[in-house]
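Novice: Residue numbers (our numbering), protein chains in the order written: chain C, 2 to 496; chain A, 310 to 714.
Keep in mind that the hints were calculated from the coordinates and are not lab data. Cβ atoms here follow ideal geometry from the backbone N, Cα and C, with glycine treated the same way. Wrong hints could be hidden among the right ones.
[To be verified] Far from chain C by the CB rule (all over 10 Å, computed), these chain A residues:
#1 Ser387
#2 Ser417
#3 Gly431
#4 His436
#5 Ile444
#6 Phe453
#7 Leu470
#8 Glu478
#9 Asp497
#10 Pro503
#11 Ser534
#12 Leu547
#13 Glu642
#14 Leu652
#15 Glu681
#16 Gln687
[Claimed, not checked] Chain C is faced by these chain A residues, among others (derived, beta-carbon under 7 Å):
#17 Pro471
#18 Lys498
#19 Tyr502
#20 Ser504
#21 Ser507
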Amino acid sequence: MKTLLQLLWEPTLQTIWMVGVSALLSGVGGLVLGVLLVTTSRDQVLSAPWLYRTLNTITNIGRSVPFIILMVAIIPLTRWLVGTAIGTTAAMVPLVIGAIPYVGRLVEGALREVDSGVIEAVLTMGATPWQTIRKAYLPEAVPALIRAMTVVTITLVSYSAMAGAIGGGGLGDLAIRYGYQGFRPDVMISTVVVLVVFIQVIQFLGDALARHYQRTEQTLPEVGRLQKTLWKWLAVPLLAGIAVLFFFHHRGETRTKPLRVGVNPIPHGEILESVLPLLKKQGVEVQVVYFSDYVQPNLALVSGDLDANYFQHVPFMENFNRAHGSTVISVGKVHIEPLGIYAGTAKSIRTIPDGAVVAIPNDPANSGRALLLLQGVGLIRLRTGTAVGATEQDIQENPKHLRIRELEAAQLPRSLPDVAIAVINMNYALAAKLDPRKDALELESSDSPYANVLSTMPAKANDARVIALLRALQSPEAKEFILAKYKGAVLPAFP
Amino acid sequence: MVLSSLLAGLALAFRAWDSHPFFACRMSRQPCSLLYNLQASDALLYSNLISEDLMPIVSLENVSKSYGQGRSTHHALSEINLSVEKGVIQGIIGFSGAGKSTLLRCISRLERPDSGRVVIEGSDLAHLSGHELRIARRKIGVVFQQFHLLRSRTVAANIALPLEIDGQEQVLVDARVKELLQWFGLEDKAAAYPSQLSGGQRQRVALARALAARPAVLLSDEPTSALDTETTASVLELLRKVRDELNVTVLLITHELDAVRSICDRVAVLDRGQIVEEGPVEEVLLQPKSEASRRLLGDTMQIGRVAEYLGGKSDHAHSVFLELQLLGASATEPLLSDLARVLDVKITILRAEIGKLNRSAYGFLLVEVTGERGVQEQAKRMLIERGAVVTVIDPWSVAVQGRGL
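Throw the hints in and build the complete structure from the sequences for me.
Specialist: Set out below in structure tokens:
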């Protein structure tokens, strides 16, 4: 188990790196957009109504696309720009593109606050449009621009939390992964504390800078000079420090080309981490890329951003292949996480009252699997012939008139007090500190088709490193780790 | 010998002139040689009549501008014609809404007039665009009511801005800025930011900035309207100094009669988008011909309020009420005491003001003359003979009409 500090260090750097670079790039892009929005509007120095309308529309569209959708939609662009669609650097592309329209609007607002009389005064001096922008619009708006960039940077911090979906890491992702899904309140709280400090610092620096450039009575005479020297002392080491940090961080990311494996954190990530020393001895360098959802690891595998993933069972994989026309294949089974029925308000399956609420996962592969398990204990009967892909519509008999509620898988443990029973994936049950042997009313049998597999693309199936990885995951050391760590809740699915 | 006696004669004549209270104040401003004084004052006195260059430096020809379309069209300016000669301080006065700002915006080409020509030193700004317009604009300096200084720049950097825009070398820019800071007495404020300055200081910086690129014409848009009375006087004096010493032609757009009165050589009265009257300031202000000018110049004497304390009209059956305007020498002569000595009349002064108009003295009196009707007529004739402009008024009907602004 990593210590809290070890856990926080890497994501903190990732967040600084992501937010810093994205703020810088989106600042530049947004500045250009904002200047154009102001100067091309009617009766302004570059008056071009059609260009203004076009930019205005694009900006509005850009601002209305939800970030998570934008992130997935521009994957091809991301790959083209930075060579990969996963990881911290890749997360910056959607951050920048998502932020540019936002920055543009803020810049527009800041520039429109510049006294139009000042602009006219400069025009009467015979200034060109460019001179008007450079000598009047921008310098006059500096305090407002700094305030806008402060807002943008803070917004980017919270947006960067969503970067976890494409393996971007960062503090927000850590909070979601370990804190929310992994039920480690200590991690969640300390991450939030770090984020609060972050935002305080950004806001403080932004305010101080804006005040400095305000050139008003209060900030000027002696204080102005003092601040100036203070800044000189502070700014240089600060910028240098950040630059050095970025350099090393970035170098670390691009220098080696390890085998990239996508996993869900528990238990896949833990099992994989346990065999890393073994792989290292064989000279196989593995980069573990954590995902907090079930779609991205396969998308990243198909696109080549991952060499392998280890998070799914075969029915889910086949489902994905059908939906996406892809050819993800299984290299071999690693473990099985029996789906379990956990007691909510009902203390046993027999005592479930008539009309009780039963919660099951809402993703198609797991909901079918849950229904099969409910059929296995005789609570419902499914139409004959339906198996893996069963849905609620396939329920033929429901003698207890159970009301089935489909919930997000991670949400199920939290729903227990509100339902009679819940069908919960093992990883979420473990994360919620449920004891499968004590708390589960029923577990899937070990011959279930739902063993989790190591998947890859056909082209990489014979890659020596992938084979070495499978061997390591199916090694006696792995078996020992699984049995010791999960005490039977997770079972090895290999001999 | 002949020449020296001539000079001596001139000197004597001049001294007599100088001793006159009205001229004394002006002469004392220039403690140079007598001869220089004479020439200088000569040039100033006749600057309206004798110009080195008869071609006007600013010439507006049939300038029109309207806003909106169809029924809602608002004719902000219609057919404006105005010529301003070099070295003149030309006032343009009007009520708010008369079209003053539009006119300024058309001259500085912040707006393009719908028709007509705006010729500044030979180039027609109304029909220029792009690079040529930018070059032509550098012939005009503009100062605004709200100063419009760049708050992000120091005083020195504000003054340097037109020169930077002109693309001048840094060395030249620095030298020119230093020169201007000195001329405007702003040396100690060079590194200050506009927010640290008082209104009057800001307007001085704005003036220095407007003049940095050595424009031929200075457009001033209500330059004193945001300032207090004392500062207003010093800024106006500065405008005059700009004309006198830097030889810049000044267009002063204002709604303040005092500003026109104290520094303008000529004034144009703008009313509902038209110039209704234009001429030397003494003429226009003392003998306004148009209804608009009269309204504008208005009731500075508040004649209407006299009736309030005169009592009923019947108490003054043997009186005539006269409004007297006196300009130049007649303004300072003992006109009324002469009148009372010569004729059998009683004279009551109800209102009186003596002041300066541009550089001449002027007097403005409201008197009640009581006596026989024939004698009243004699008094009127005598006043007219002595150079007064006489208007018979009826304070009661004035009050009813609500004369004044």
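Novice: Now, for every hint given, state plainly whether the structure supports it.
Specialist: Hint check:
For A/Ser387, the non-interface assignment is confirmed: its Cβ lies about 23 Å from the closest Cβ of chain C, beyond the 10 Å cut-off. Remark: the non-interface label on A/Ser417 conflicts with the geometry, its nearest Cβ contact in chain C lying 5 Å away (cut-off 10 Å). For A/Gly431, the condition that its CB be more than 10 Å from all CB atoms of chain C holds, with the nearest at approximately 17 Å. Consistency note on A/His436: stated as away from chain C, and its beta-carbon is indeed over 10 Å from all of that chain's, at 17 Å minimum.
Not every CB of chain C lies more than 10 Å from the CB of A/Ile444, the least distance being 6 Å, so the non-interface label is violated. A cut-off of 10 Å between C-beta atoms contradicts the statement that A/Phe453 is not in contact with chain C; the least separation is 6 Å. Not every CB of chain C lies more than 10 Å from the CB of A/Leu470, the least distance being 7 Å, so the non-interface label is violated. Interface exclusion of A/Glu478 from chain C stands, the closest Cβ pair being 16 Å apart, more than 10 Å.
The beta carbon of A/Asp497 is kept farther than 10 Å from every beta carbon of chain C, the shortest such distance being approximately 13 Å. Not every CB of chain C is more than 10 Å from the CB of A/Pro503 (nearest about 8 Å), against its label as outside the interface. The beta carbon of A/Ser534 sits about 14 Å from the closest Cβ of chain C, which is more than 10 Å, so the claim that it is off the interface holds. The claim that A/Leu547 is not at the interface with chain C holds, since no C-beta of that chain comes within 10 Å of its own (minimum 19 Å).
Distance check for A/Glu642 against chain C: the nearest CB is about 48 Å away, which clears 10 Å, and the non-interface claim stands. Every C-beta of chain C lies more than 10 Å from that of A/Leu652, the closest at about 59 Å, which supports listing it as non-interface. Annotated as non-interface, A/Glu681 keeps its C-beta farther than 10 Å from every C-beta of chain C; the closest such distance is 63 Å. The beta carbon of A/Gln687 sits about 59 Å from the closest Cβ of chain C, which is more than 10 Å, so the claim that it is off the interface holds.
For A/Pro471, the interface hint holds, the least distance from its beta-carbon to any beta-carbon of chain C being 4 Å, beneath 7 Å. About 13 Å separates the beta-carbon of A/Lys498 from the nearest beta-carbon of chain C, more than 7 Å, and the hint is not met. Here the hint on A/Tyr502 is kept, as its CB sits about 4 Å from the closest CB of chain C, short of 7 Å. The closest approach between the C-beta of A/Ser504 and any C-beta of chain C is roughly 5 Å, which is under the 7 Å cut-off, so the hint is satisfied.
At about 12 Å, the closest approach between the beta carbon of A/Ser507 and any beta carbon in chain C exceeds 7 Å, and the interface hint on this residue is violated.
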